[in-house]
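Chemist: Each chain is listed here by its residues.
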Amino acid sequence: MSLPGPETLELKTSEDVVRARQRVRVCMKDQGFGLVDQTKMVTATSELARNAVDYGLGGTMRIESLEEMGRIGIRLVFLDHGPGIPDIDLALTDGYTSGHGLGLGLGGSKRLVNEFEIWSKPDEGTRVTITRWR
Amino acid sequence: MEKIPILKLGEILLVSIQVDMHDRLAITLQDDLTARIVKDRARGVLIDISSLEMVDSFIGRMLGNIAAMSQALGAQTVVVGMRPAVAITIVELGLSMQNVRTALNVERGIEMLQRAVEESEEDTTHEPSGT
Ligand SMILES: Nc1ncnc2c1ncn2[C@@H]1O[C@H](COP(=O)(O)OP(=O)(O)OP(=O)(O)O)[C@@H](O)[C@H]1O
Ligand SMILES: [Mg+2]
Chain A
1 MSLPGPETLE LKTSEDVVRA RQRVRVCMKD QGFGLVDQTK MVTATSELAR
51 NAVDYGLGGT MRIESLEEMG RIGIRLVFLD HGPGIPDIDL ALTDGYTSGH
101 GLGLGLGGSK RLVNEFEIWS KPDEGTRVTI TRWR
Chain B
1 MEKIPILKLG EILLVSIQVD MHDRLAITLQ DDLTARIVKD RARGVLIDIS
51 SLEMVDSFIG RMLGNIAAMS QALGAQTVVV GMRPAVAITI VELGLSMQNV
101 RTALNVERGI EMLQRAVEES EEDTTHEPSG T
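As you go down the protein sequences, you meet chains A and B in turn.
Taking the working numbering, I'd label the letters of the first sequence as residues 1 to 134.
Taking the working numbering, I'd label the letters of the second sequence as residues 1 to 131.
Isolated chain A, as found in the complex:
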């Protein structure tokens, strides 16, 4: 089976957030993920895409299908060139928000995936990479 190539979606508006989660849903289905796995990854997508739009001044999401040692996976990279996150540990803490949210987006998406990686630098931007294996 050949894997679909990577693709990149714009994240500028709250409609883009909806499109991103719909795209991830289709990719997860195509790769044979079960309903609960799909729902977890789509929910994490919604959180991270919204953060890129709301805090990161907009960005992109890259979707990549993976096959490693017989395992199937989906990797998503959320990238923005916004203000960055000054204190990543604090931002990952449940309940911490600098806006009016619940402060669950980052910590929650970390729990919903198998691999979670975050890079951020003040005035350069933020990149969050998540992977879920089947």
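Derived from the structure by calculation, the hints contain no laboratory data.
For every residue, glycine included, the Cβ atom is placed at its ideal position computed from N, Cα and C.
Incorrect hints may have been included.
[To be verified] Calculated from the model, a selection of chain B residues having no Cβ within reach of chain A, i.e. all distances over 10 Å:
| no. | residue |
| --- | --- |
| 1 | L9 |
| 2 | D31 |
| 3 | A72 |
| 4 | A116 |
[Stated by the list, open to error] Computed, partial: chain B to chain A, Cβ under 8 Å:
| no. | residue |
| --- | --- |
| 5 | H22 |
| 6 | D23 |
| 7 | R24 |
| 8 | D32 |
| 9 | E53 |
| 10 | M54 |
| 11 | D56 |
| 12 | F58 |
| 13 | G60 |
| 14 | R61 |
| 15 | V86 |
| 16 | I88 |
| 17 | T89 |
| 18 | L93 |
| 19 | G94 |
| 20 | L95 |
[Claimed, not checked] Every beta carbon over 10 Å from chain A, so not counted as near; a handful from chain B, in silico:
| no. | residue |
| --- | --- |
| 21 | S57 |
| 22 | M112 |
| 23 | E122 |
Given chain A, work out where chain B with the ligands should sit, using these hints.
Modeler: Chain B with the ligands alone, transformed into the frame defined by chain A:
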């Protein structure tokens, strides 16, 4: 502008969320519901989320806000029909939804609301005893 319809059934307002809501649409629904509770003197709000394939922190917060606002306006809110995969996911996400009443389906939700309305009527017709 696209909107989520709000139906009136006696003293209850019924909302069935059939679309994948973007954030502004969710905020509009919250505002519309608040206005309708007052205008229609509703005693209950039933929100059917059985079509929702996902509930994230934003939608969770909206449901919590609607529950709190309706409470302040003398109406009870019940959220019905959450899909099992969604329920599993929101627990892991960390959404507590503790101030939101839930029921399995629309039928149970309406029963729950009718009971709540009756109870609150008893509370107002009987004077509190032993002051
Ligand atoms: N892409 C980003 N760029 C800059 N800051 C960010 C970014 N993502 C998150 N943050 C910061 O980290 C904080 C925590 O993010 P998180 O998603 O956990 O919560 P929230 O967005 O505030 O609320 P919720 O997601 O629960 O609605 C945010 O309030 C914001 O200050
Ligand atoms: Mg967030």
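Chemist: For each hint, tell me whether it holds in the structure or not.
Modeler: Checked hints:
1. Even its closest Cβ contact with chain A, about 29 Å, leaves B:L9 beyond 10 Å, as expected for a residue assigned away from the interface.
2. The non-interface label for B:D31 is consistent with chain A: the shortest C-beta to C-beta separation is roughly 15 Å, beyond 10 Å.
3. Taking the minimum C-beta to C-beta distance to chain A, about 18 Å, the non-interface status of B:A72 holds against the 10 Å cut.
4. Against the 10 Å criterion, B:A116 stays outside the reach of chain A, whose nearest CB is about 26 Å from its own CB.
5. At about 4 Å, the closest approach between the beta carbon of B:H22 and any beta carbon in chain A falls short of 8 Å, and the interface hint on this residue holds.
6. Using the Cβ-Cβ criterion of 8 Å, the hint placing B:D23 at the interface with chain A is satisfied: the shortest such distance is roughly 4 Å.
7. For the restraint placing B:R24 at the interface with chain A, the shortest Cβ-Cβ distance is roughly 6 Å, inside the 8 Å limit, so the hint holds.
8. A least Cβ separation of about 17 Å between B:D32 and chain A goes past the 8 Å threshold, and the interface hint is therefore violated.
9. At its closest, the beta carbon of B:E53 sits 7 Å from a beta carbon of chain A; the interface hint therefore holds under the 8 Å criterion.
10. A distance limit of 8 Å between C-beta atoms decides the matter here; for B:M54 the minimum to chain A is near 5 Å, and the interface restraint holds.
11. Interface hint status for B:D56: upheld, as the beta-carbon distance to the closest one in chain A is roughly 4 Å, under 8 Å.
12. The closest approach between the C-beta of B:F58 and any C-beta of chain A is roughly 7 Å, which is under the 8 Å cut-off, so the hint is satisfied.
13. Satisfaction of the interface hint for B:G60 is found here, the shortest Cβ-Cβ separation to chain A being roughly 7 Å, below the 8 Å cut-off.
14. A distance limit of 8 Å between C-beta atoms decides the matter here; for B:R61 the minimum to chain A is near 5 Å, and the interface restraint holds.
15. For B:V86, the shortest C-beta to C-beta distance to chain A is roughly 6 Å, which falls under 8 Å, so the interface hint holds.
16. Because the smallest distance between the Cβ of B:I88 and any Cβ of chain A comes to about 6 Å, under 8 Å, the interface hint for this residue holds.
17. Checking B:T89 against chain A: minimum C-beta separation of about 5 Å stays under 8 Å; hint holds.
18. Because the beta carbon of B:L93 sits about 4 Å from the nearest beta carbon in chain A, less than 8 Å, this interface hint is met.
19. A cut of 8 Å between beta carbons decides the hint on B:G94: the least distance to chain A is about 5 Å, and the hint holds.
20. Checking B:L95 against chain A: minimum C-beta separation of about 7 Å stays under 8 Å; hint holds.
21. Against the 10 Å criterion, B:S57 falls within the reach of chain A, whose nearest CB is about 4 Å from its own CB.
22. With 10 Å as the threshold on Cβ separation, the claim that B:M112 sits away from chain A holds: the shortest Cβ distance comes to roughly 25 Å.
23. The claim that B:E122 is not at the interface with chain A holds, since no C-beta of that chain comes within 10 Å of its own (minimum 35 Å).
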